[in-house]
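Peer 1: Chain by chain, the residues:
Protein chains: 2
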Amino acid sequence: MSRVLNFYPGPAALPIEALEEAQNELLDWQKTGMSVLEISHRSKEFDAVHNETIDLLKKIYGIPDNYSVLLLQGGATLQFAMIPMNLIGNGQTASYVVTGSFSKNAFKAAKTLKSIHLACSTEEDGKHFRIPKPEEINLAPGSVYCHLTSNNTIFGTQWKSFPEYGEVPLACDMSSDILSRRVDFKPFGLIYAGAQKNLGPAGVTVVIIRNDLVDSSQEGLPDILSYKVLVSKNSLFNTPSCFGIYMMNKVLKWVKKKGGLAFIEQQNEEKAKLLYDVIDENPEFYVSKVEKDSRSFMNVTFNLPSEDLLTKFIEDAKTENIIGVKGHRSAGGIRVSIYNSNNLENVRVVSQFMKRFVEKNG
Amino acid sequence: MSRVLNFYPGPAALPIEALEEAQNELLDWQKTGMSVLEISHRSKEFDAVHNETIDLLKKIYGIPDNYSVLLLQGGATLQFAMIPMNLIGNGQTASYVVTGSFSKNAFKAAKTLKSIHLACSTEEDGKHFRIPKPEEINLAPGSVYCHLTSNNTIFGTQWKSFPEYGEVPLACDMSSDILSRRVDFKPFGLIYAGAQKNLGPAGVTVVIIRNDLVDSSQEGLPDILSYKVLVSKNSLFNTPSCFGIYMMNKVLKWVKKKGGLAFIEQQNEEKAKLLYDVIDENPEFYVSKVEKDSRSFMNVTFNLPSEDLLTKFIEDAKTENIIGVKGHRSAGGIRVSIYNSNNLENVRVVSQFMKRFVEKNG
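Respectively, the protein sequence lines represent chains Z and Y. Sequential numbering from 896 applies to the first sequence in the numbering used here. Sequential numbering from 896 applies to the second sequence in the numbering used here.
Calculated directly from the structure, the hints in this document are not laboratory data. Mixed in with the good hints, there may be bad ones.
Since the list can't tell identical chains apart, any single copy or any two copies may satisfy a pair.
Once the Cα atoms are required to be at most 35 Å apart in a straight line, the calculated DSBU-like pairs of lysine-lysine come out as [what the hints assert, rightly or not]: (1) K1128 <-> K1221; (2) K1250 <-> K953; (3) K1022 <-> K1128; (4) K1006 <-> K926; (5) K1003 <-> K1255; (6) K1123 <-> K1187; (7) K1152 <-> K1022.
Next comes chain Z alone, as it looks inside the complex (with noise of 0.2 Å):
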């Protein structure tokens, strides 16, 4: 078996250690006899890993105890619906801070249901390059979240730091982001995540909701669209993704077993000078659009100099195990993305393969 450097957006690479642990027991698990696939959610083993789970994210991102923890299906995209129907009641609104393709497609939804306002967006002939600064966000008045994009997967952009708005709580889609760095939850209403990119597999979404916008949620919606309900039933109110759940146990545990959320920051940041800087050394040949206080450390995004160079540069990766890095259809260039699976050693391939390739054919 051969395996390659796995360098795809999401779904992404998992850290092996919890594949081979899956492989191991995917027969008989826990000695119940059973695959983890075939167990009820109601069994007393499935409901273990599921409040465990919990436990873990709330101790390593360092949750504070007046939020609740979902774990749902749908991904993000059925959050971008979810949000406005629980918390903005009749006669109210939210803004929104657009930064990039998902944080779009989350006001495009949030306006099919309800009356809200942009409060800023840094689209640029269809491209996002920066982060707004505070000043170019404009709330509406009496708005009941501020919802933005931590991460910005397609085009390479990061919030280095997030805005506080006092009474406002800031609702914000970390997809590609999510326990990628320590983070001050203060301003955070509600976070919301796909698992596939720095938890587990595909199939399981995070909601971390502060537990007063519970309270004040919108009654009178379908029980499975309801955060009052699922919260109330701890996430089981019908049956969950049980697989992508246990998998995310295993990926929490290896991420307490490296170390927990300060050994991963660090290592993101290295990993992320470890890239940057060999663009900072080739400005002309590795060309990013992307501010500089806006480069995202999980989604790195550059350019060539011409399109045979782009396709060469991703057949060359290719031949050195280097897969995944093709940036997607509405950006064009590389993306290579180094969520927490991908070590220091991945990363360090890449760079090095990225300065030869300079030097070849520069």
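With chain Z's structure known, arrange chain Y on it following the hints.
Peer 2: Below, chain Y alone, put in the same frame as chain Z:
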């Protein structure tokens, strides 16, 4: 490793062949050097599995060409909300037949969203022991659909034939008996099912929808809740539950190899007969309130003469490797779930155990 005989109501037993294949390739799938858990849902490898899974289901189940197949997240429970959202327009209504807990939940969810009509309920003292006769069902005039639940997992009842209402299509939750027998699709506008009983692990939801209903479905919904958008994107509007789809692919291939739907149907009839025969031979001991012509071929439910015997039955069963037969808390008693993956030999073990148990304790 010792595998048990798993009669859980769902998530439920999977074919050992499917589990072994998944285990073998969990670290390196199709020589990609990646796990299927790590690969992009936009990769050609995953796309092939996704499309093949839909094709397999269409062919094995005999789904006519004028239906689309969606592979979604959120369980049947999310469909309880999506169906009325998409299919009931302003001033329109739909009729609901309530024959168990889940059909009641479907009715309640729809009622939060639209003005719908209860066409029939078989509830007596909070329980359901029968499928209604055609003359008991009173459709509201102009109903855009009639909703029913083909198999009631908790109480152990099942529709043996379906009503046909001409212009009014059936919208049917088949979570617990999808792909268990041949189906004439003509009366159905929409069929949906959580995968975790007959199709694969939890986390995938199948929706089979007639294309004219997609075309005429409501506008102005968030994309993630719109059948129109989801069909146009071939269920890949956002990241799907990739691993669930991959496992469903393996389960469908197993069905095909076994002899397809004809084999499955025949085996399911034989399996059910093995258990109902023991019940009928010992009607004072294995007490079933379910009307004979409403008996489920998927979930065989019965009670015992005392709580002590009930406890003893579950404990003795466990010593013979029989797991998951405790009835749902709202129905009590015993429930033996004999979905497709449980073969005749497994069910024969239960039937023989039941015979011995009544000999010893009757």
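Peer 1: Could you check the structure against the hints above and give me the numbers of any it violates, in ascending order?
Peer 2: Hints 2, 4, 5, 6 and 7 are the ones this structure does not satisfy, whereas the remaining hints hold.
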